[in-house]
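S.K.: Okay, so the sequence shown: first residue is 173 according to my numbering, each after it adds one.
Don't read these hints as lab results, they were simulated from the structure. These numbers come from a predicted model, not from an experiment. Among the hints, erroneous ones may be present.
The calculated label-pair distances, taken between Cβ atoms and stated as ranges, are [as the list claims (entries may be wrong)]:
1. D394 with A244: 54 to 62 Å
2. G276 with T230: 29 to 37 Å
3. A397 with A274: 17 to 25 Å
4. D394 with N310: 29 to 37 Å
5. N290 with I424: 21 to 29 Å
6. A447 with S236: 49 to 57 Å
Using N, Cα and C, we set each Cβ at its ideal position, and we do this for glycine too.
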Amino acid sequence: MPTFAARDLANTFTQTQTVPALTSAGALPISAGGTNQDITLTPSGTGKVVLPSENTNTVLAGPSAYGAAAAAPAARALVVQDIPPQALAAFDNQILTSAVDANGNPAFLTAGAGLTLNILGATTPLVLFNHGKWQTLNSDVTLTLADASNQFVYAIQDTANAALVAADFGASALPPDYDYVAPAAAATDQHWFDLAHNQMYRYDGAAWAAVSRIFLGVARTDGGAITAVVCEPYRLSPQRRFELFGDASDEILTVTGATTVDGYKNYSFVRIDGAAAVLTHSVPGTTTHSGLRLRSQNPILVINAGTINVNAKGHTGKTGTIGAGAAGNWGGLGVGGGGGGGGAGATNAGGVGGAFMNRDLLSTTWGAGAGGAVKTAGSAGTPALAAAFWEFLFTMGGVGAGAGAGGGDGTRKGGDSGRGGGSFVGLAPAWLIHATSSITANGTNGSPGENAGADDAGGGGGGGSAGGIAVVGGGYVNNLGTISATGGAGGAGGTNHGAAGGAGGAGAARAERLW
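Start from the sequences, fold in the hints, and give me the full structure.
M.R.: Right, here's the structure in full:
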C-alpha cells in the first residue's frame, strides 16, 4: 500500500469541466456548494451565463422599498432610495410636490368635518425629503386635531413602509423654531431645528431629543371646527427659511384686539384673528418713520375678518389758513406723493403736496402734486414706483406723504390736507388672508375749503394724502383678501373763488411671490 508525505495533503487539485451556456429568464442564483469552494464564470466560451436583455438604466438589485424584507436581486429601475442622501442634500427637509389649488399653490392640507384634517396624496402624491429620506404619501389620510388652538402639522420619517401612512402625521400646538441655538425658554412639545447640525429636536419637558420630522403647514381650530388651513411652500430649506424670515427672537404675535406694534420684528408665528383684531402702528412725527416691518418663520394667518390697518398712519399735511396754502410733509421710499392744495381768492395759491424720495435717493422733492395758482385746482401726487423698489421696501420704506393745504382768499380758510397712509411690509413662508380680511395703508381725503360768506369768496380745497405701503411677500399668498394703499381725494373748493385740491398718489400695495 503506497504512502504519502504529509505535505502532499496540502496540494490543490483543479478540475475543468465544459458545460453548455446557461440562460436565465431572470436572476440566476448560483451556489458554490460549500464555504471553501469557488466557481469562476469566464466571459466567453463554455461556462458563460447569459442574462436577458434589459431596458436602459436598469440595474440588478434587491428591493427598493423602505423596510422591505431581503429578496433575490431583480432587474429594476433605479429609485431615489438607491441614491446616497449626501447626493440629494440640497433637497433635504423640504416639500417637493403635492396637490395644488387653482393658482398652483400647495393644497395638500384641507379642512374636513369637525376637527378632521385631510392630508391628500392619492391623486397627486405628496413628496418630501425628511432628514435624508425621500418620502411619499400616495393615498388620502386624515388627522384629528385638538380644539381651540393653533396646530402645526408635521410628518414623521417612516423607514418601515414603502409609502407614508396615517400614523406618520401629527401636530403640535407650538410653532417650530429654526435657529443655531435652542430657544431660551422651551415648552413641552416645542420643536427646534438646529441649523448647525441640520437636525430637528423636540422638547419633552426635561430635555431636547432628536426627531426626524418636517412641518407641513398650520391649521387653526375653534369651536369644534377647523377655521383656517395653510400649507408650507415648496422647496424651502431650514437654512433659507432663517435667511429670509429671521431668527424668531420676538416669538409669537397673536392679535385678537386692537394692537400697536412699531419697527422691525422677527416672529416665530403671527395670527390676526377675528373682527376685533386690528394690527397697526403708531402715528409718526414729521420725520421719517419705518412703520411696521415684520418677518415670521412660519406661515401667517390673517383670518375671520382680522385686519392689518395702517390707514392715516402716515405724515400729516398742513392746516389751511386764510392766506397761502402750505406744503405737505414728505413721505418715504415706495409711497405716493401728496396732492397739492387748491388756490383761492385773488392772491393765494394752494400748497404743494408732500414728496417722496426718488429712485437715486438723492432728492426728496419728486412726486409731489403742485399747489394750485389763484382760483386753480391743485395737481395730483405721483403714485409710488412700486415694482422697482421691492428690494428696498423692507429696510428703507417710510410712511405716506402728507398733502398740501388749500389757499385761503384772505377771509375764508383753505381746506386742511389729508394724512398719508402708514407702512406695513410682512414676510413669511406663506400667507392665508381670508376674503373677509384686509391689509390697508390708505391716505385720507383733504377737507373742503371754507364756503363763501357775505363777501362771496371761498377757500381752496386741501390736497389728498398719499397712500403708504401694504406689501406682503412669501412662497405664496392664499385666499387673498383686500390689499390696498390708495391716495386720498382732494377737498372741494369753497364757493366762487376756491378750487379743489389734488388727489394723493397711490402707494405700494401688492402680494409678492419670493420664489
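S.K.: Range hint 17 to 25 Å: satisfied by the CB atoms of A397 and A274?
M.R.: Given range 17 to 25 Å: holds, Cβ gap about 24 Å.
S.K.: Honestly, do G276 and T230 meet the 29 to 37 Å range at C-beta?
M.R.: Holds, at about 34 Å.
S.K.: I want to verify a distance hint. Is the separation of the beta carbons of D394 and N310 within 29 to 37 Å?
M.R.: Holds, since D394 and N310 (Cβ atoms, about 32 Å apart) stay within the stated range.
S.K.: Return holds or violated for the Cβ distance of D394 and A244 against the range 54 to 62 Å.
M.R.: holds, 55 Å
S.K.: For the hint 49 to 57 Å, verify it against the beta carbon of A447 and that of S236.
M.R.: Holds, since A447 and S236 (Cβ atoms, about 53 Å apart) stay within the stated range.
S.K.: Measuring from beta carbon to beta carbon, are N290 and I424 in 21 to 29 Å?
M.R.: holds, 26 Å
Figure legend: structure checked against the earlier numbered hints; every hint is met.
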